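8 protein chains.
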Amino acid sequence: MKKPIVGILMGSESDLPVMKAAADILKDMGVEYEMDICSAHRLPDITAKYAGSARQRGIEIIIAGAGMAAHLAGVVASHTTLPVIGVPLKSGALNGLDALYSTVQMPPGIPVATVAIDGAKNAAYLACSILSIKYPDIADRLALFREKTRQSLIAKSDELKQGSK
Amino acid sequence: MKKPIVGILMGSESDLPVMKAAADILKDMGVEYEMDICSAHRLPDITAKYAGSARQRGIEIIIAGAGMAAHLAGVVASHTTLPVIGVPLKSGALNGLDALYSTVQMPPGIPVATVAIDGAKNAAYLACSILSIKYPDIADRLALFREKTRQSLIAKSDELKQGSK
Amino acid sequence: MKKPIVGILMGSESDLPVMKAAADILKDMGVEYEMDICSAHRLPDITAKYAGSARQRGIEIIIAGAGMAAHLAGVVASHTTLPVIGVPLKSGALNGLDALYSTVQMPPGIPVATVAIDGAKNAAYLACSILSIKYPDIADRLALFREKTRQSLIAKSDELKQGSK
Amino acid sequence: MKKPIVGILMGSESDLPVMKAAADILKDMGVEYEMDICSAHRLPDITAKYAGSARQRGIEIIIAGAGMAAHLAGVVASHTTLPVIGVPLKSGALNGLDALYSTVQMPPGIPVATVAIDGAKNAAYLACSILSIKYPDIADRLALFREKTRQSLIAKSDELKQGSK
Amino acid sequence: MKKPIVGILMGSESDLPVMKAAADILKDMGVEYEMDICSAHRLPDITAKYAGSARQRGIEIIIAGAGMAAHLAGVVASHTTLPVIGVPLKSGALNGLDALYSTVQMPPGIPVATVAIDGAKNAAYLACSILSIKYPDIADRLALFREKTRQSLIAKSDELKQGSK
Amino acid sequence: MKKPIVGILMGSESDLPVMKAAADILKDMGVEYEMDICSAHRLPDITAKYAGSARQRGIEIIIAGAGMAAHLAGVVASHTTLPVIGVPLKSGALNGLDALYSTVQMPPGIPVATVAIDGAKNAAYLACSILSIKYPDIADRLALFREKTRQSLIAKSDELKQGSK
Amino acid sequence: MKKPIVGILMGSESDLPVMKAAADILKDMGVEYEMDICSAHRLPDITAKYAGSARQRGIEIIIAGAGMAAHLAGVVASHTTLPVIGVPLKSGALNGLDALYSTVQMPPGIPVATVAIDGAKNAAYLACSILSIKYPDIADRLALFREKTRQSLIAKSDELKQGSK
Amino acid sequence: MKKPIVGILMGSESDLPVMKAAADILKDMGVEYEMDICSAHRLPDITAKYAGSARQRGIEIIIAGAGMAAHLAGVVASHTTLPVIGVPLKSGALNGLDALYSTVQMPPGIPVATVAIDGAKNAAYLACSILSIKYPDIADRLALFREKTRQSLIAKSDELKQGSK
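Chains as they are written, first to last, in the working numbering: chain A, 1 to 165; chain B, 1001 to 1165; chain C, 2001 to 2165; chain D, 3001 to 3165; chain E, 4001 to 4165; chain F, 5001 to 5165; chain G, 6001 to 6165; chain H, 7001 to 7165.
Chain A extracted, bound-state conformation:
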């Protein structure tokens, strides 16, 4: 499992601060990934080639983050039958609502699995959920992560209850 199985794409380098959160989580979960800039509009042929060849290169999921009229995830999905996760990014005057609609409202036949605006973390967790149907160890790590979140919240609940005493 040394070769990347998740590709994280973003439309511009300014998207890196948000999209890096997905990479960090995949690293924590032990999932190999690669990251790239791949603009639907400014690098359409490279984007098409990336998506079109992803499956035979061993990629199993593509995460695509883009803002405004966010076409990246949809364009990637049009060139592959791999699962594509779209992250609408908050940028510009409409605060990501344009990106959300441009990502989620895909016409029948070419789906994009959309997460929340700036939801790069959930894109990574969703990728893990998808991989978990094939790799049992990722299922285990997800279960562990859920349990840790749970314990951490219970600790915070206890703190709050102490504090309000």
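Certain hints may be false.
Sample of chain H residues lacking proximity to chain A, with all beta carbon distances greater than 10 Å (derived) [as the list claims (entries may be wrong)]:
#1 Lys7002
#2 Ser7012
#3 Asp7028
#4 Lys7049
#5 Ser7053
#6 Arg7055
#7 Gln7056
#8 Pro7108
#9 Pro7136
#10 Asp7140
#11 Ala7143
#12 Lys7161
Below 27 Å or equal to it, Euclidean Cα-Cα: the simulated DSSO-like pairs (lysine-lysine) are [what the hints assert, rightly or not]:
#13 Lys6161(G) to Lys5003(F)
#14 Lys1027(B) to Lys1134(B)
#15 Lys3020(D) to Lys5003(F)
#16 Lys1156(B) to Lys1003(B)
#17 Lys3090(D) to Lys3027(D)
#18 Lys7121(H) to Lys90(A)
#19 Lys3134(D) to Lys2121(C)
#20 Lys7161(H) to Lys6134(G)
#21 Lys1002(B) to Lys3156(D)
#22 Lys121(A) to Lys1134(B)
Source of the hints: derived by calculation from the structure; they are not laboratory data. Everything numeric in this text was worked out from a predicted model, so none of it was measured. For every residue, glycine included, the Cβ atom is placed at its ideal position computed from N, Cα and C.
Position chains B, C, D, E, F, G and H against the provided structure of chain A, taking the given hints into account.
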């Protein structure tokens, strides 16, 4: 592969006409599925049990369709680490915008793979994409489906060009 | 009346600065309360247990604040027939509009009494109004509070009229 | 319990078809109610008098339904400390979004317990939840209603599972 | 014309910084005004009395600014047949969209002349336009103001053209 | 008072069914009016001339109804200092929301008194309110209209109360 | 000028009823055009080829109509430096708002000239405006069209004035 | 080509920081332009004259930027058959959504080529695309610009891939 691997849930029987489209596509793609009514609000314990036991029952993906304050997909996702696909349904005064926001804007840690409002078809295609990373024959069938869509559109394009002559 | 009769729940500790306003008002009004973190998605079983046992523990109203796809109030309401007040919290790219729709657009049978986005204060006042039908002294204190608000506004009105002279 | 304890108000007789659903549920739940037309704008003094005298007349909850710039619930709440439930009605070009905002976004001090657009049914169920903290038999009837809903959904779930066999 | 003919009302003293702009313009235009705090929800009786007696006190126009579920202008209009100008104020999570809908979407019979969100200046100019049908000198001053605006813009246009040379 | 004092403009003849309601009310209120088609975009010079000469022709108020990017009221207001009432019309895909924003969000200096989407009736009542500061008989007729509305609602309230007995 | 200089593309044959209006106007204006189906998602390579070769084939403007997450115009624009006119189509639950945002909110460098939702007619008139800078006869025909529109509106204005006499 | 062929208009000098980006790009692309302030509302006659005489003065495209109820582009388009590019500006409480609707939702016959909110850069690139159908050297420069953008993104992609190693 006789046992269902996709669970299609809906919040009420009135959602069936839309959600049935997902079932039809899965059948066409040769994917075993089961369908059920599972309200986040009116059957919370059954929903929790369904989601919590899905993985060990062999389910690999859960598709959940709900309208208005559509909590079903999120609640299902909170009880399983399987990939959960949310279908926001168009109903009520807000035409599904409430269901879209209630489904896609999940907080970090519990992702829902959201498709378009009333996008039951794409929920099924997305399920196939996800399954395709594990089952090569589903990858093949998806590729075939894409090619058929392509040929059908090319034929319509030809018709249109003839007609406008 | 030493035991808490109002439970204030929030989805994460980051919601405390807003939700504390509800606690402060209840304290001022002499209403016993308890505060807890209770995530619909990350602690679903604890949330279910909390809501399901609230009535027999003497709780009479539950206030639940959550942001984004705010399912907390709805999930709590699905496990109790007590009145549940939902506070949609302003967080994320949509400024609480997602939380508002996720909280108020509940399907028939499982109501959530929704207040304004970040409306923790009104959640507390609404709780007092509800309690006032059972506890006459709370009705008196509410009337007093209204009268004080009134006098304070009249004083400000006088100031403004002086100042503009 | 012969005297009405719930007042159902609406801004115009054209709101009756929607608001009647609240009355029907209250009747089913054995809760005495009265219904009236009480426009915030066209009968402001009568509305003020109704709200201002409601508590001493024995009313315990007021449900107010109005459309467009729906001021009725807020105006009623400004004249009473009783719990006021607002039902934003779907009418006009904005489909009730204007009524939702006009009802739910109340400033601090004067809360309105808002339900979904056209959510007259939930207004009634919420009224029952509120009354249930004082009248144990209403708590019992609510629990019964929940159980019946549950059984009815389970029956529909069984039907669906049979049908899809 | 020593007695005020325009009343400027606002729902709280926090609205003064925006609403003062209306007063400043009226002063510039030589229109006598009075300013007051008059909450639809917290001072309903005083608001009703103010509006109901305004015409006989010599007031000819009422400007009312309020935020969130902005009922002030509508409530004032329900108690007078004078022209009422509503200024939706930008406050809270919805940035004044709630106030805009609550002010402009008045039902037939009780109109509110609505200006832009935070449009206190235009409320004053609109008041002058209305007064101009009765007081020819205000018509003259408005024409003068328009001409000055025009000359100022032409000067800025010249500057811009010089600068870009 | 034989010459028209209110001008009712609309952007196209398709707006007549909605805008006619304004004319009907003015007729009932004994206010002389004229009606015309005056497109901001397709008849800009005629629109400019109409607005620019309206005051000297004896017009005292202009009501302008338009849909979509509704510029008519704003363009009229830019050519006159008379009060201009804008009626955003519901047409096209955005149901009049575009027309509302295009009409109400006027920049400082050129106000438009905006009423609800399709609010032609309130445009007429607002015109009467404005005229009432100059013509006492219109003030009387408005008061009469309010009283009749009031009596009619009280009658309907009585009917409703009888019916629900 | 026998070869088409305008290409009208649409994402599916169901868009033809709306997009045909653009063709009809171009025919009236004597502009040669071609029409084709060219889905950004289902025929990405054909779309890329069409756009990439359009200029050398003599096409001077491309009009692209698509609904929902309408990527067609943006994808076409990414493959050509010709002017691309986007027509957001009203379809699905969001009534074309998604298509509007997906079409107009293009990131810097790849512009799409966007017209109104379902604005196929204006797409054609805009194409004529663009062509008019190169082909003087099209400028003449546009001027003529404007004059005819003007006369027709004046005639309707006269009718309206007669009718209201 | 010494005389300006593109006119850049803005509604107020406060729009200059955004609109200057269009000028900078035109300068880079070797396109002569002029810049001016031209308010639809405060300088309607000058705006009309500017637009009406633009074609004979040699102007080939007009770019118009305005905020709020942004009528500038539409008013300019009503006085010329030249292509008019509208830039909705982000200002006021609605963040430019009002300006977007006021600019793009033009009625049939008077089109405005609308770009993104604050999309002054794309307005310039769109102007170049339009000019490119007449001036081959602009087509060349646009192609060069696209290639440079492409190389720059590829370089950034390489950097990102190095960095993530």
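query: Is the straight-line distance between the alpha-carbon of Lys7121(H) and that of Lys90(A) 27 Å or less?
result: Holds: Lys7121(H) and Lys90(A) sit about 20 Å apart, inside 27 Å.
task: Test the statement that Lys7161(H) is away from the interface with chain A: the closest C-beta pair must be farther apart than 10 Å.
output: For Lys7161(H), whose nearest Cβ neighbour in chain A is about 6 Å away, the distance does not exceed 10 Å, so it is violated.
Given pair status - Lys1134(B), Lys1027(B), alpha carbons within 27 Å: Holds, at about 18 Å.
query: Since Lys7002(H) was said not to touch the interface, does its Cβ keep a gap of more than 10 Å from each Cβ of chain A?
result: Consistent with the label, Lys7002(H) stays out of reach of chain A, its closest Cβ about 33 Å off (over 10 Å).
query: Within a Cα-Cα threshold of 27 Å, do Lys1002(B) and Lys3156(D) meet the stated pairing?
result: Holds. Lys1002(B) to Lys3156(D) sits at ~25 Å (cutoff 27 Å).
message: According to the definition I'm using, a residue is off the interface if its beta carbon is farther than 10 Å from all beta carbons of the partner; does Lys7049(H) meet that for chain A?
response: holds, 32 Å
message: With the threshold set at 27 Å, check whether the alpha-carbon distance from Lys7161(H) to Lys6134(G) stays at or below it.
response: With a Cα-Cα distance of about 46 Å, the restraint between Lys7161(H) and Lys6134(G) is violated, given a limit of 27 Å.
- request: Mind verifying the non-interface call on Pro7108(H)? Its CB should be farther than 10 Å from each CB in chain A.
  value: Answer for Pro7108(H): holds, closest chain A Cβ roughly 24 Å.
query: Is Lys3134(D) close enough to Lys2121(C), meaning Cα to Cα at most 27 Å?
result: With Cα atoms ~24 Å apart, Lys3134(D) and Lys2121(C) stay inside 27 Å; holds.
message: Hinted pair, alpha-carbon criterion (27 Å max): Lys6161(G), Lys5003(F). Please report holds or violated.
response: Given that 27 Å is the threshold and the Cα spacing comes to 14 Å, the pair holds.
message: Check whether the Cα positions of Lys1156(B) and Lys1003(B) lie no farther apart than 27 Å.
response: Judged against 27 Å, a Cα distance of about 38 Å means the pair is violated.
message: If I take the minimum Cβ distance from Ser7053(H) to any residue of chain A, is it greater than 10 Å?
response: Fine: 33 Å to the nearest Cβ keeps Ser7053(H) off the interface.
In summary, the numbered hints that this structure violates are 12, 15, 16 and 20.
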